[in-house]
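Sequences are here, hints too, so could you generate the full structure?
Numbering-wise (this note's numbering), the sequence shown opens with residue 86 and increments by one.
Hints in this document: simulated from the structure, not taken from any laboratory.
Keep in mind the model is a prediction, meaning the values are calculated, not measured.
Label-pair distances were calculated between CB atoms; the ranges are:
id: 1; residue 1: 87; residue 2: 212; range: 35 to 41 Å
id: 2; residue 1: 117; residue 2: 216; range: 29 to 35 Å
id: 3; residue 1: 238; residue 2: 128; range: 33 to 39 Å
id: 4; residue 1: 91; residue 2: 241; range: 45 to 51 Å
id: 5; residue 1: 192; residue 2: 129; range: 28 to 34 Å
Even for Gly, the Cβ is constructed at its ideal location relative to N, Cα and C.
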Amino acid sequence: MRADREREYVAYVEASMVRLRRTAYHLSGNWHAAEDLVQETLAKLYQHWNRVRGVESIDGYVRKMLYRTFLAQTRRAWYRRIFLTTEPPDGPAPGARDPDDRLDLTAALARLPAGQRAVVTLRYLERLDVNETARVLGRSPGTVKSQTANALANLRTLLPGYRDEPRRAEAKG
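Written out as structure tokens, the structure reads:
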């Protein structure tokens, strides 16, 4: 890779690392697994960085890579091992009333199937609508809607005392 393209790549990674790690944590439920997910995604991005110049939204391109890498990882046998951690998440979530609520929600998200977890993370944490979520995951909008409904039903079962449903910026779809 030419030096100027290398500098562009490094600048993009530095500007995006916090967001990518946070999203990867919400997907994996574990900071170490999140770091692995981000590193694998960034390695793929590096290999394809010359193609990125023609992409309309680099962030959208990388988001799609991150989610697809996550889903591919969950299909591998090593991912099915149980990940234990003694590290609490960093700080409370915006709008969280009680830190224990966040821990309960994080644990419940980790128990969802990978596809449902990806849909919930995109729709409620990244605030994407149904069509954007479908594009990122390479699924139909109907599949996204049904996975969202199934995920929320599972979360209600896992969190019977939880007071509020997640809120999206837009209630489309």
